[in-house]
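Asker: Listed here are the chains, written in short residue letters.
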Amino acid sequence: RKEVEQDPGPFNVPEGATVAFNCTYSNSASQSFFWYRQDCRKEPKLLMSVYSSGNEDGRFTAQLNRASQYISLLIRDSKLSDSATYLCVVHSGSARQLTFGSGTQLTVLP
Amino acid sequence: ETGVTQTPRHLVMGMTNKKSLKCEQHLGHNAMYWYKQSAKKPLELMFVYSLEERVENNSVPSRFSPECPNSSHLFLHLHTLQPEDSALYLCASSQAGSVANVLTFGAGSRLTVL
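Sequence order for the protein chains is A and B. Those letters in the first sequence? Residues 2 to 111, by our numbering. Those letters in the second sequence? Residues 723 to 836, by our numbering.
Possibly wrong hints are sitting among the right ones.
Stated by the list, open to error - Here are the computed lysine-lysine pairs in the DSBU-like style, where the Cα-Cα straight-line distance is at most 30 Å:
hint: 1; chain 1: B; residue 1: K741; chain 2: B; residue 2: K758
hint: 2; chain 1: B; residue 1: K763; chain 2: A; residue 2: K80
hint: 3; chain 1: B; residue 1: K763; chain 2: B; residue 2: K741
hint: 4; chain 1: A; residue 1: K3; chain 2: B; residue 2: K758
Claimed, not checked - The calculated label-pair distances, taken between Cβ atoms and stated as ranges, are:
hint: 5; chain 1: B; residue 1: E778; chain 2: A; residue 2: S27; range: 34 to 44 Å
hint: 6; chain 1: A; residue 1: N28; chain 2: B; residue 2: V782; range: 19 to 29 Å
hint: 7; chain 1: B; residue 1: T738; chain 2: A; residue 2: E16; range: 22 to 32 Å
hint: 8; chain 1: B; residue 1: R776; chain 2: A; residue 2: A68; range: 35 to 45 Å
hint: 9; chain 1: B; residue 1: P730; chain 2: A; residue 2: P9; range: 38 to 48 Å
Rather than coming from a laboratory, the hints here were simulated on the basis of the structure. Think of the CB as a built atom: it goes at the ideal place given N, C-alpha and C, for glycine as much as any other residue.
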């Protein structure tokens with residue numbers, strides 16, 4: 002089983018749609034969780050951290066389910082500019098123990 | 723300059739060449755990383771320098787050699803590479819030991835080995 006697993010997609014959705022991504026992780030001792038966004042031929046950038054109680058940032062909502070070992074990202078009212086690859090990242094302790102998923106590709110269509 | 727700066731942005735080299743990638747961070751972070759990103763694969767951690775201690779991924783071939791002269795600078799020395807080493811090489815920095823070990827990435831060096 003991969004340490005961090007994501008559905009690669011691609012997800013093709015119309016503007017204004019709501020889309021959700023899930024990510025599962027295998028290390029139950031994982032401590033911190035993040036979603037990064039990577040635009041085509043650019044570097045990954047932090048989108049948001051994921052807190053145990055769930056957190057929201059505008060149209061984006063992240064949730065953590067420790068019992069089932071998954072995190073999710075919900076995007077409401079999708080914009081064309083949301084088209085990117087979304088990377089799930091799990092931190093399990095030391096500096097080297099940051100594990101990236103393969104990413105989920107999202108394309109928002111006009 | 724701010725953030726994490728990588729040079730060169732693009733590099734084409736033959737298998738017998740020796741080249742180096744350079745990374746500089748202006749964030750006051752205490753950890754720096756080299757990642758390799760190949761098409762359709764997860765980011766692969768190659769090396770970490772945390773508090774100036776080196777931690778490496780044992781699966782990285784010896785033709786990749788990192789150097790971290792201080793907490794702000796990181797190099798990746800390349801020699802006798804193979805075509806399968808063609809990829810995007812990303813440098814990142816973070817404040818290791820903080821509650822949220824958030825990475826800030828450079829724009830990457832896209833390497834093509836002929």
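Asker: Taking the hints in turn, state whether each one holds.
Answerer: Status of the hints after comparison with the structure:
Distance hint between K741/B and K758/B is fulfilled; the C-alpha atoms sit about 16 Å from each other, no more than 30 Å. For the suggested pair K763/B and K80/A, the alpha carbons sit about 26 Å apart, so the restraint of at most 30 Å is met. The hinted pair formed by K763/B and K741/B meets the criterion: a straight-line CA distance of about 25 Å does not exceed 30 Å. Taking the CA atoms of K3/A and K758/B, the gap is near 18 Å; set against the 30 Å cutoff, the hint holds.
Take E778/B and S27/A: their Cβ atoms lie about 22 Å apart, and the range 34 to 44 Å is violated. In this structure the hint that N28/A and V782/B lie 19 to 29 Å apart at CB holds, the actual value being about 22 Å. The given range of 22 to 32 Å is broken by T738/B and E16/A, whose C-beta atoms sit roughly 51 Å from each other. The hinted window of 35 to 45 Å between R776/B and A68/A holds, with their beta carbons roughly 37 Å apart.
The hinted range of 38 to 48 Å is not satisfied by P730/B and P9/A, whose Cβ atoms lie roughly 30 Å apart.
Violation of the numbered hints given earlier is confined to hints 5, 7, 9; the remaining hints are satisfied by the structure.
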